[in-house]
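Residue numbers (my numbering), protein chains in the order written: chain X, 1 to 272; chain P, 1001 to 1298.
Honestly, the hints are just simulated from the structure, not real lab data. Think of the CB as a built atom: it goes at the ideal place given N, C-alpha and C, for glycine as much as any other residue. Incorrect hints may appear among the rest.
Stated by the list, open to error - Covered stretches of chain X, as calculated for chain P (at least 3 residues, CB under 8 Å):
#1 46-60
#2 63-71
#3 108-119
#4 147-161
#5 196-205
#6 229-238
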Amino acid sequence: MRISNRTLMQLMLLVGLLTVQTGLYAQGRGGRGGGAAAPAQSAKAAAPIDLTGYWVSVITEDWRYRMVTPSKGDFQGVPMTAAARTIAMAWDPAKEASSGDVCKSYGAPALLRVPGRLHLTWGDDNTLRMDSDTGKQTRLFHFGDWKSPGGPPTLQGDSTADWERSGGGGRGGGGGRGGAAGGPPPTDGSLKVVTTNLKGGFLRKNGVPYSDKTTVTEYFDLMKEPTGDPMFVVTIITADPMYLSRNFVITSQYKKEASDAKWKPTECSATW
Amino acid sequence: MTFNKLSLCVAMSFCVAVPALAEIDLSGSWAAINDEDSMERGAGPNPADWAGLPFNEAGRAKAVSYEQSIISMPERICWFQTQWHIAAGPFSLRMWAQPDPLTGRVQAWVIGAWETRAPMTIWMDGRPHPSKDAPHDQTGFTTGVWNGNELIATTTHIKSGYIRRNGAPSSDEATITTHFRRHGDLLTVALFMDDPVYLTEPYVLTRSYNLSTNPVAIGGPPCIVGDEGVEEGRVPHYVPGENPLLEEMTKLYGIPPEAALGGAETMYPEFRDKIKDKFVLPAQCKRNCGAGGGGGAN
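One chain only, chain P, in its complex shape (with noise of 0.2 Å):
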């Protein structure tokens, strides 16, 4: 045998092996626990309520003319979200390696589709992404690599879409980077936002799962439009100045309006102090109290 075989006998064997050295399997059904951010994520967030995200004015700007029946328009009913839905949304994971047909390596991570979001597939095989002007859809363009036991997702190439499921805009320039930890049957799955057009720095999410021997759903029945009372043609949205319910969460919780407003100062503990004085505090919560069920697992 020659040497130039030789030499590629071993590193062969360093291929082999050197890869479960730093990864981890993350198959499986993994169930969300919804207790943290248990009404954003269930029956959705109330009416303008932005505070923690690290809106600039545009973002904000946009967020306040949103009108919710926006998502009831013919064309938008089936719309997909982007990839930011595994945070912003309740639901559950599954997860499957894909792997090569060749060599049997994991080409991809897969995290299988919602009814409102295309699947995430995760190229560990380190194709590039797509050229800047390569065209944007809701699922975006995902590459991972391994940080050891850590998988790290980068998705690009998304559509413009929402951070809060309250008109929080994200736009086509974002980057998501999603971190994922196994802990035995625990997973944390870390969600940033990176987005130059409506955020002054990055707006993260963590959300948590458990290993779950139910068979997470995929996919989910065909969306078919219908009538949802937006008449073709209308485009529901508040001008400036006439949106009716930016007092809502001074009047549900004693909220100060410039903290519902959102914007990076509204994520970090100096903010208490100035807002401290115009706080109320209600006598007794009025709506969307919870039961003290908790969020539970989907």
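Isolated chain X, as found in the complex (with noise of 0.2 Å):
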């Protein structure tokens, strides 16, 4: 068979063409640079990684300010500001567990420090919905172009959503910001979390102070352990300008479980 080098040409342009939808595609499926006319998709089915069901924590790091109640004035690795340290200093566990208030240190901040389970859920084709079984709280993540509806903050704020593709990090999901249609969905990426409109509250349960000025950005990205078993791990990047000198980051890890047979919900508590 013999082919001109017109024809040669032709193909191999459209082999390149070909090659540059994908990455698109893998870029911006249900992204914001996509065509027009494309149906709107939801979050739920842009979504490329599954984070759905139930996770329990796997508590490798800083075992001794998260496994049990770290003493006064056990600050190691948070980066406070001294007016935070003043009133870290001023922690008085017994005064904590008599206020009323005894879920300062189950944030939005500090929840996924916290030793226990997760379970999500899709709450609607737009909301992810995590719960944790550990001082019984509920964060949703709102993706697409939501807004909060403003009100006084909160333990746990206001989350918007998005999922971080593959091929550089394209913007995807959310009912309506367009996108490639068709083809199969990606099957790797990482879902990026923005919370604020947070209440004041504990970054560590000795009364290490986060401010109700304090923006979480997470990122949560699906690995395999070398067992084969689903773990997430969630980089959480805590900024305050009142009591934090620069952002605290950490990393917490969640093993996925067949089924709710271990999930325990228990009361938040100021002291253990």
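Each chain sits in its own coordinate frame; assemble them with the hints.
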């Protein structure tokens, strides 16, 4: 079979175009840069990774600040301001326990450091819901063009979410940002969550404070253990102009569980 | 042009274009953020603190026999750590892509050495790991694959070493799997240690780094063996039942001894129920409390 050089060039061009298309797809499926006529895709439908299910925390780091209550003045690793140190040194566990506000160390900046289990479900097509058994907290991750209804700051704040995709971190999902249609969904990516409108609380149970000016940015990455079991790693970046001298960056890991067999809702505790 | 030649051209077009879709640039200087495990990564962990380690009995027994001055033996002063030191140490990373001289494609990703750790060369060209009978060293042998934006590196052929710098051991049969995930200027690295000799299940540590414009030094000054007080021929150790530091965590932090001795159950939330009534909250932190200045970046 013989093919002319012109035909060859055309074929090469076609291959190149197809490749570029694939790249754009990988970077922007459901994202902002896609065709205007494409149907809107929900965050749930566009999810490049599946975080739903039951997850248990694996405590291999910062053990003595997480599995037991750290003592007053134990601040290793936290870039605290002088004002934060003053507050933390006044921490009184008995007073906290009787304060009627015992969930201060279960707010969004600290919740994923608390030993326990998480249950992730889709609340609706554009809202990922996270429940914790320890402290019985609920976080809602809103995709798309969701806007906070306002109101007073809360323990879990207002969270907006986006999928980060392979091939350059294009935003995706979230009902109506457009995007390329058709083809299989991407199989890799991360979840990015930004949380604001937070009520002040404790980064650690021993009174290390964060303020209501705090912003939390989180990246959820799905991985596999050497055993093949799914695990997610969440990188948590806490910025607080009042009580942190720079961003506080930590990571937590959660292993997937097959069922709710070990789900054990417990109340918040100020001392344990 | 023949059809075979055309097929070759098409195939080459794919070869050139496709990797860019699934890879991400990891090159640069990555400053370690040591907010987590700040003391463990910096000055080093407390003696006899093995909480959160999935030890088996052999691992625990070896750790309990550990005396810190063993690293001052003349023959160990310049001893390299294994690649696990990326997680256990405080150091920043410098990464670069090593191109194949003929094709220009990435043949390997390299993490520069530190003075106590050899460089990690992550071979990306599909070469196999050596035979299981091949020699082991602290560097080991590492290959990598891309999973979307995630680089997954697998290290085998390491010598025995430590997974926590207070005697928690790793064996020469261990495999280290390292996951690299980049989020803009932030790098998350998760390391799994799978060790059939000393662990009952994989042990995971995760670390964070910021992209830095300050070049991270690689290597370090040459190590010179000096006299650190351990005479030649002595191997510092504790015989069973004679380690005087086993209650250190209880004295300092009120943590029950069974927690400090580790084991897989200490990694999971249920273990808190087991120690709740034994834990005694000290009135105030006495030692290694941190000044609240954070772990910082190196």
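To see whether the hints hold, each was checked on the structure:
1. 46-60: holds (count 5)
2. 63-71: holds (count 7)
3. 108-119: holds (count 3)
4. 147-161: violated (count 0)
5. 196-205: Not satisfied, violated; 0 residues make the cut.
6. 229-238: Per the Cβ count (4), the hint holds.
Checked against the numbered hints listed earlier, the structure breaks hints 4, 5; every other hint is satisfied.
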